[in-house]
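Asks: Turn these sequences into a full structure, and let the hints steer you where they fit.
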Amino acid sequence: MLVTQSTRRITVARTVAELRAAVDGARAVGQSVGFVPTMGALHAGHATLVEEAARQNGAVVVSIFVNPTQFNDASDLEAYPRTEQQDLLVAAQAGATIAFVPSVDDVYPHGFATTVSGGPITEQLEGASRPGHFDGMATVVVRLLGLVRADVAYFGRKDAQQLAVVEQIVRDLSIETRIQGVDTVREPDGLAMSSRNVRLSPPDRVRALALSRGLRAAQRLAAGGEHSARALEAAVHAELEAESLPTDYATLVDAATFRPATVLDRDCVLAVAAHVGPVRLIDNVRLAPVVA
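Per the numbering used here, the very first residue in the sequence shown carries number 919; after that it's consecutive.
These aren't lab readings, by the way, just hints derived from the structure by calculation.
Glycine included, each C-beta is placed from N, C-alpha and C at the ideal position.
Don't take each hint at face value.
Here are the in silico distance ranges between beta carbons for each label pair [what the hints assert, rightly or not]: (1) Ala935 to Glu1094: 18 to 24 Å; (2) Asp994 to Arg1148: 30 to 36 Å; (3) Pro1106 to Gln1011: 19 to 25 Å; (4) Thr1175 to Asp994: 24 to 30 Å; (5) Gln1011 to Pro986: 27 to 33 Å; (6) Glu1002 to Arg938: 17 to 23 Å; (7) Thr1001 to Thr933: 19 to 25 Å; (8) Asp994 to Ala1152: 27 to 33 Å; (9) Pro1121 to Ala1046: 27 to 33 Å; (10) Glu996 to Arg1138: 36 to 42 Å.
Replies: Below, the structure is given as structure tokens:
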């Protein structure tokens, strides 16, 4: 199946056989293959990943698959937006050449029994707040990497812990696909782009700015020489509390291990997760100590 957007064409593969035929066809004419795994509901952040992949590769695969194994809340899975036709247009416009849109049975065929765990790095933050999430994510990513066999796969840095988990797994399992992080894309007012943003009511959309506002405040403190994790975290908490947002965490962690850090004395990530109305949002910034 082909979908055309302006002058761009994208091949839609719905089975593993169709995917492999499309990827093999690209390789047969000497194209490298980039891969952007998504759960659909594509926005400008996803488009940035696809555009980066298209700059570096002749063929770009975008997967659109809402992975049931990484949801620990059935209602969250049910509410997750599904906008396939719009997704295909966004992907094509951004430069994707192949869309892999499998069924659950294609990704997890009868008898599938393997689970992939990322180890200790998954135990903090999102792993603590959403038990089983990272095992589900890691399993589907390894499965998709095996199916696509891309040269490079692209992940957004907004999901910083997810990116770190994927990098760990690829290293440990000697998966040949290279992993490349792409910077967070934000709305003009600072809100990190997310498929969940469409579920925010107008008042909650304004309240959600507390996440990015708090992270910017912490960045200013760090740029001024503040090293205390408690002080940096407090800057985020102050903004969240001002909007009465229930908070799962606002924590400074080591950028490599995601273990909590007490002092900003190495590369760190300040990560936050909070509930804005019915929507749970995450965001983060990378911080480094100021060298005198």
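Asks: Please go over all the hints and tell whether each is borne out by the structure.
Replies: Against the structure, the hints:
For the pair Ala935 and Glu1094, the beta carbons lie near 22 Å from each other, so the given range of 18 to 24 Å is met. For the hinted restraint 30 to 36 Å between Asp994 and Arg1148, the CB-CB distance of approximately 32 Å keeps it satisfied. One distance hint, 19 to 25 Å for the beta-carbon pair Pro1106 and Gln1011, holds here, with the actual separation near 20 Å. Under the hint 24 to 30 Å, the C-beta atoms of Thr1175 and Asp994, about 28 Å apart, fit the expected range.
Taken as a hint, the range 27 to 33 Å holds for the pair Gln1011 and Pro986, whose Cβ atoms sit roughly 28 Å apart. A hinted range of 17 to 23 Å for the beta carbons of Glu1002 and Arg938 is consistent with their spacing of about 21 Å. Thr1001 and Thr933 have their C-beta atoms about 21 Å apart, which keeps the hinted 19 to 25 Å range intact. The supplied range of 27 to 33 Å is met by Asp994 and Ala1152, whose beta-carbon atoms lie about 30 Å from each other.
At roughly 29 Å, the beta-carbon separation of Pro1121 and Ala1046 lies within the given 27 to 33 Å, and the hint holds. A beta carbon spacing of about 40 Å between Glu996 and Arg1138 agrees with the range 36 to 42 Å that was offered as a hint.
In terms of the numbered hints stated before, the structure departs from none.
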